[in-house]
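Read top to bottom, the protein sequences are chains Z and B.
For the first sequence, position 228 (counting from the first letter as 1) is numbered 228 according to UniProt numbering, and the numbering increases by one without interruption.
For the second sequence, position 76 (counting from the first letter as 1) is numbered 76 according to UniProt numbering, and the numbering increases by one without interruption.
If you're looking for bench data, these hints aren't it; they were derived computationally from the structure.
Built from N, CA and C at the ideal position, the CB exists for glycine as well.
One or more hints might be untrue.
As the list claims (entries may be wrong) - For each label pair, taking beta carbons as the anchor points, the in silico distance ranges come out as: (1) Z:V32 / B:W280: 46 to 52 angstroms; (2) B:W280 / Z:M277: 35 to 41 angstroms; (3) Z:L276 / B:I137: 28 to 34 angstroms; (4) B:G167 / Z:K63: 34 to 40 angstroms.
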Amino acid sequence: MKKKLTLGQKHNLTGWTFLMPAVVLIVAMSFVPMVQALILSFKTGIGTNMTYTGITNYTRMFKDAVFMQSLKNNFFYLIIQVPIMLITALVLASMLNNKDLKFKGFFRTAIFLPCATSLVSYAIIFRSLFAVDGFVNNVLINLGILHTGYNFLGHPLSAKIIIIVALVWRWTGYNMVFYLAGLQNIEYSVYEAAKIDGASPFQSFRKITVPLLKPTILLTAIMSTNGTLQLFDESMNLTNGGPANATITMSHYIYNVSFKYVPNFGYAASMSYMILMLVAVLAFIQMKVGDKRD
Amino acid sequence: MKKKLVSTVLTAALTVSLLAGCGGGTETASNSAGTDETTTKAASAAETSGDEAQADAGAAGEEKLTVWCWDPAFNINAMNKAAEVYQKDHPNFVLEVVETPWEDVQTKLTTAATSGNLDTLPDILLMQDAAFQKNVISYPDAFTDLTGKLDYSQFSAGKVGFSTVDGKNYGVPFDNGAVIASYRTDLLEQAGYKISDFENITWSDFIEKGKVVLEKTGKPMLSCVGGESDIIVMMLQSAGGSFFGADGSAQLVDNAILEEVMSTYAELVKSGVLVEVNDWDSYIGTLNSGTVAGTMAGCWIMASIQAADDQAGNWSITNMPKLDNAATATNYANQGGSSWAITSNCKNVDLAADFMGATFGGSVEFYDAILNTGAIACYLPAGDSDAYGASNDFFGGEAVYAKIIDFAGQIPACNTGVYFYEARDAVATAITNIVSGADVASELQGAQDTVNFAMGQ
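Please put together the full structure from these sequences, using the hints given.
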């Protein structure tokens, strides 16, 4: 004879029943592979012939010149691109939040639209834009700024800058949408009060918008850090990692180790876990710095 | 209580249908990929005459093979022609070609082999020669040993070597990658040269003449993809050099041939005779838009050169320059080229082997039919065919195929090595730095360290 459930238990049961499908799918599709990858990262070998070798994969990557180069590249993108993008997004969002602005919908759509393009196709378009005989060089030559086309993607620094420009173009609108949503929660009367007190637009941006948007800024900072450390499509399609590995990212190198070179999946898996650890550590630091609630 | 039960059951049903949906999705995807013009056409042929049925070939009366390869103008065309030839004697034969770029073939093969789902593989796939050994060694379970199933003595020995692992044959040789130097005769004329001035020359001659052409016409002699080492590998192999020693160890330092290749390449770029572009499409663009006076690549490049109709008659072919100092230097090398592999997923190996043997490994008629796309045979008897003596109007009315067969016979044998792609990339990194001023010896040492590191698993 089954005992009758209390009301609370019934509610719990309903909740769990609704959760189960998603939980089962996430566990099967995401957590199980993650655990398998962790096990894989302690193995070494060519292709399918793998043996356990402990943590050698993790010590190995610090001696790997290409991996170290890719790590530096990732941090270069992170340190330069993320602040530029977030500040631009914040400025654009507060400008578009202006009640008196005409064609607001048009501007919002125009800035958000790049996010709707596929990563691969936009990378290829940037590649052809900045080719030696591409659009940008043609414009610069016709304006008399350059005599012959400059090989933007053929020089280490300019290639990195092109990737950063591409990333800013692609992701600024995405972050701006988060800020716009956050700005809806700030009462307009706060700005009016500041105006009456004689605050300049810049002052009210710095003293009202930024502090009140802090949780959203924290969210976008963590998401952008995560995205930048996992950067792949731009390195693969825009510059192919070149010139001389100057723009290769960690994910691109992991791809090469798994698919282009003699496959070493154990090593590739351990490098993936390295990215995970970096993301976790950086997110933790950002939370500590950004979230002062306790 | 009853309501609860119903909702639980419904939720469970939803979960199951979701999961089933995932599985079903992939199935339909593979099915829809399979509907191909070749299939339907040949399938109707199979219906009309139903003899020679093979019980183990799935549906009764059907002898079906699936193939992955990538170039519609080249290897897909060749496969479809092969199917037509084979269907004359085997009316039930159905061939399904799925267009799959090489990078995707490699990725799918890796995924299938490492996950153990070999049944996602086709019966036959085309593989770059340079990647053949790597894949067979990494995934021995994914390929079928073809030793004794084909007459390998009819192929050139150097080519068969690419797909031979531990003395076993795993591949059916397909296209020849003999390097040709193609030049625009109209541009050479403007600079006061004839095509014969570029025959049997050395690289230093080439650079001198190239400078004149650049000065008089404003066009560089060659273009290539920067950050790739295609031309370097060609130069190296033209002198029988390799990135690896006979024992398989990396030999990028104290490699006199490689050092000469690196300085010659740097000199080519610095003199402006060779211009580097960023990707393959731009490279082909420089040929078709006439921004360069020539190119050097495997003879399969002819298909791309001939895409520019307005340049018909203005191209001519000769051999590549040779290194000045290396004692073993020749004017001949190999670039690219690919071989067919039969996967272990093939349920009807006898049919696949017979099909390959009757076409790629035994039909002069077949090779004649695909000759106009630049698919020059590695199958030796095909070279004696009359078709190879025919002239090509695009290339100034010359008998280009006979010429290429002649080049192919003089290519020195070379050792590609399992870690070829690692070495290629390391050398490409080194040459990029050398071109921008770094020291040859120290860059090669760096490349050697990178390759040794990769080999150290």
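Hint-by-hint comparison with the structure:
Distance hint check: the CB atoms of V32 of chain Z and W280 of chain B are about 39 angstroms apart, inconsistent with the given range 46 to 52 angstroms. At roughly 36 angstroms, the beta-carbon separation of W280 of chain B and M277 of chain Z lies within the given 35 to 41 angstroms, and the hint holds. Taking the beta carbon of each, L276 of chain Z and I137 of chain B are about 30 angstroms apart, inside 28 to 34 angstroms as hinted. Between G167 of chain B and K63 of chain Z the C-beta distance comes to about 36 angstroms, which sits within the given range of 34 to 40 angstroms.
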